[in-house]
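Colleague: Sequence:
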Amino acid sequence: MKTFNIFWLALILALGLFSCDSSRTDKPKKKNKEDNNQATSTGEVKILEKWEMPNMLREVSGIAYLDENHFACVQDEAGVVFIYNIAKNRIESEVDFGASGDYEGIALVNDIAYVVRSDGKIFEINDITSGSPHIKEYATHLTVKNNVEGITYDRKNNRLLLAIKGDESDDADFKGIYAFDLNAKKLSKTPVYKIDLNDSVFADSKAKKLGSRMQPSEIAVHPTTGDIYVLEGTNPQLLVLDDQGSIKHRYNINGTGFSQPEGMTFNPAGDLFISNEGKKEKGNILKVQIN
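Note that the sequence shown covers residues -24 to -1, 1 to 267 in mature numbering (1 follows the signal peptide of the UniProt record, and there is no 0).
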């Protein structure tokens, strides 16, 4: 009986060792979709902080930095500037400036806000801190077909820059960036910058149409370098142009954290903030670092 027990004990130990060795066999770990997305969104572009927006700003389409706790925001459907406090997670005030419409971006020039509608019309809200600000409207030659989605203040040249998401009127090879002179209150007839859609930086693009390689949703000028940042929300990516309009970098941010990036702004120190429209989740504002 003793011999029989020793035999079975030895057999059990041998089988246990075989099982342990098998579990240590090196097999490549299959990456799931989330792993792949995480890799593309955190390699060169890192999210430092995140603030969720209230339901009223689920479809936040444009943001402008006011101070360390406050952003001026617009959303797709309402002609209202919302002053949002990220520290208290609440809308502190609202400034009505127009009827319902497709409002896509906001830029600040001191206490004057400029909001662009997708049909190219610009709304000037003089003093957003006032309870009853004076409103002016400026028509441009851009149309719904051009689908204007981006606006920013170019301090060096005292102008606004407008980026179109849709098609150019007579050329499919580029997406134009137009200048609105703040002295003359006129928009340039031709682009001051052209995003060349045939540039080699788009070589890995899977877009079927040339015009879909870059569909700008927002534009911003870096306060110290003068570089021009162009964001896309449809296929999330970020372009950096120099102050002459040449493409310096292209970042793929189509991954975790950037569900539908539509708004972008800098603070005076050059910190970058990107806002996402909400889908199943809430809209948000992200503080972003580019390595």
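Hints listed in this document are in silico derivations from the structure and should not be mistaken for laboratory results.
Heads up, a few of these hints could be off.
Distance condition first, Cα-Cα at most 30 angstroms in a straight line; then the derived BS3-like pairs of lysine-lysine [to be verified]: (1) K132 <-> K184; (2) K255 <-> K26; (3) K121 <-> K256; (4) K184 <-> K26; (5) K112 <-> K170; (6) K182 <-> K112; (7) K112 <-> K22; (8) K184 <-> K224; (9) K182 <-> K132.
Colleague: Decide, hint by hint, whether the structure agrees.
Modeller: Hint-by-hint comparison with the structure:
no.	hint	verdict
1	K132 <-> K184	violated, 37 angstroms
2	K255 <-> K26	holds, 16 angstroms
3	K121 <-> K256	holds, 28 angstroms
4	K184 <-> K26	violated, 33 angstroms
5	K112 <-> K170	holds, 29 angstroms
6	K182 <-> K112	violated, 42 angstroms
7	K112 <-> K22	violated, 39 angstroms
8	K184 <-> K224	holds, 24 angstroms
9	K182 <-> K132	violated, 36 angstroms
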